[in-house]
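Enquirer: Residues per chain, in single letters:
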Amino acid sequence: MKLEVATFDVDEIRVGRDTMLRDGVLTVALNDLRALLCQDARLKDVTIELARPGDAVRVVHVLDAVEPRVKVAPAGACFPGLLGTMREAGAGRTHRLAGTAVLLAAEMPPVSGEVSHLESILDMSGPAAAYSPFARLNNLVVAPRFNQGLSYLECQAAAQQASLRAADYLAAVTRGRAPDGVEAFALGPAPGLPRVLAATLIGSDGLTHTCHVCGQAAAAMVPTLIHPNVLFDGGVVNACYPFASLRNPTYSYQNHPPALALYRRHGRSVDFRGVLLGRSIWPSHGEKSRSAEYLGLLAETLGADGVVISLDGAGHAMSDLMLACQACEQRGIRTTLLTFEMAGDDGSDVGVVDRAPEADAIVSCGNMDERITLPSMSRVVGGAHWLNAGEVGFAGLPTEAAMEAPLRVIFAATSQLGGNAVGVRAC
Amino acid sequence: MGDLRVLHYVNQFFAGLGGEDRADLRPRVEPGPVGPGRLLEQLLGGEGRVVATLICGDDAFARDPEGCLDALAHLASSTPAHVLVAGPAFNAGRYGLACGRVCAELAPRLGIPSVTAMFPENPGVQLYRRQTYIVPAAETTVGMRGTLEQVAGFARRLAGGWKPRVPEEDGYLPQGRRVNVVMAQPAAERAAAMLVAKLGGTPWTSEIPPARSDGWRAAPALTNVGAAHIALVTEGGIVPRGNPDRIESRRATRWRKYSIAGLDRLSSEQYECIHGGFDTAWVNQDPHRVVPLDVVRELEADRRIGQLDPHYYATVGCGTTIETARRFGREMAEDLLKEGVTGVIMTAT
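In order, the protein sequence lines correspond to chains A and B.
Residue 1 is where the first sequence starts when you use the numbering used here, and the numbers rise one by one after that.
Residue 1 is where the second sequence starts when you use the numbering used here, and the numbers rise one by one after that.
You can take every hint at face value.
With a straight-line cut-off of 20 Å between C-alpha atoms, the simulated EDC-like cross-links for lysine to aspartate or glutamate are:
1) B:K198 to A:E300
2) B:K163 to A:D345
3) B:K198 to A:D305
4) B:K257 to B:E339
5) B:K163 to A:D346
Between beta-carbon pairs, the in silico distance windows are:
6) A:A75 to B:R289: 49 to 55 Å
7) B:E298 to A:P110: 32 to 38 Å
8) B:W204 to A:R177: 40 to 46 Å
9) B:R145 to A:R379: 56 to 62 Å
10) A:E12 to B:E47: 50 to 56 Å
11) A:R87 to B:Q185: 32 to 38 Å
12) B:P209 to A:M86: 40 to 46 Å
13) A:G286 to B:P209: 28 to 34 Å
14) B:G45 to A:A384: 57 to 63 Å
15) A:A402 to B:R304: 56 to 62 Å
16) B:R297 to A:E300: 43 to 49 Å
17) A:E12 to B:Q185: 25 to 31 Å
To be clear about the criterion: a stretch of chain B counts as covered by chain A if any three or more of its residues have a C-beta under 8 Å from a C-beta of chain A, and this derived list gives those stretches:
18) 179-188
19) 267-281
In short, the hints are calculated from the structure, not lab data.
Just so you know, these numbers come straight off a predicted model, no measurement behind them.
Note that beta-carbon positions come from the ideal geometry of N, C-alpha and C, so glycine has one too.
Model the full structure from these sequences, guided by the hints.
Expert: Rendered as structure tokens:
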């Protein structure tokens, strides 16, 4: 199963009369795109704005980021089960616009209980920009508003569709054009090398934490194997919204960092056999244990020598991660883990809430509690007021104000798929 | 001479006032440098002076640290300084503890930064490394000159507003803090490289070090549950509706106990779940899903337990820092023991 991913570089994004890509400049006809997205009867309207690297722009209510990608062979769409179909997924040729992303920003309807949405901020300049990789992309912010009377799930589905369709619309400018670069992805034989897998635990808990695997919600999933090429074609779409910095956006699944890291070593230092997906945030120990053991069993069935395991979610998910680590290590499968830390404001607390004695190789995605200073911004995009302002002490501050905040409110700053270079130093 | 003003703290021995026999010396101050303070002043290279030396016997300090600190603060108050230097203490344990505490508590009272120096295994390091800067020193006074050179430079920079960040580069002992940095490679690359090293048998270093074992031991099992005084404790965030004590939904800083005297049930009209870590719809529908008062009352009626304590203890365990959780545990345990509780049913989420 071979997939060619053809890259078209975007160095700048602008608003214009027609949507096109020329000499690295992506021009977007906002009205055309708005009209396309508003065909969805669930949406009252959609605001579309630009957020470019270095702008004094703050994007708020950031839910997700999607890389514009489209299938050209077979012709069709990415995101099987949501936009495209399984038939196109994972093989042939896919076009991607690099250097840009669709940012989905929306205020979702309230849900019962306390797991309501936490604010999620992306500053395109200033100290926070160094922490989120999305501050370095030419972003198109798509901010839908929903009609009255819709359930949370209906709004979530409408928002997701808007972001995927916007990504598809943008990527379509590349059809029939020659790319800036092509990378071929195939898992041919690599005899004699250690067999490795990447494993990602997808967070699922209630309405505000889930992902869609080829269109299917993760809640009841049994651990499974997925070909990394299907991930690159949008096989996992994120709808899991823990603390903003922990989020694994759809963009990160499309560019799955552990899968890419292992793929690029395939045939040289490893024999990369694929990606395991499992669920995290199982509510009971029995369910956690069962899922972790199943994952270990699956890895053993595939003959894995080693697995890189990443998580999705916060404290509870860390337990799932450690159980998965144990399940693999006890079967003689070596592991490295990716996780965030919650080491307190001054970095002096123990950063992980659960440990397995076998977890001896852990990469840190950063301390989400560390405080940073955000300068005031000229423009705020994506919303007009704070979500859950009291939670992080923003109450009373205008959205463009300068403020001090914990890193956990910065979108994808400590993203646990590991695409970010943020780490931790012991001081 | 430059205008840097250094306040120096030494014990009775380094002040030249005696050895163990004078360890009970009460706080006093001398103008200018004393003992190693003279070399320290020299090493400031004309940029400053040791304006006064605070002296206290190690035993006097150990026996009455608060009294000594008050006295030292009073003695220091008439001699303003830019920075406080204590020691070096090398591997002298009581002296290291005193130096550490003087830096940690006296310097902030005077509104100035502080630095001390001691051998990495000095007990003062573990206790005070976060509240001051500890320059690594040799085990004995053989290392005096070298250590004072480091300390002089450090003190000068601190007085100028410098904020040390990197122990290895800036020359102080790690403070047990974890600080975010932007690394050369993304985390996933580092994880892949670490796995390849692990599989290939080449050395690797985990970025998150192994956990320290707390060595908790479970209390012995109750021998007669039918006579036991049991209490319900939860981190599941069940509180009286309205959350009167404003327990936080995440990163809680407090716990409370609430009366259930005479109550057989927790109604969802009168109780709510404020936990920020999960979807609370099911629990708000029926609080017994987290605090099983209904069932425990039945056990009490059937004499399967002796009695249920008239209070249940509650907090929220969502993103709670380990230190806070330890404090909650200690405080709750103290209170439970005072009430005569011998066994606890703790419900966690």
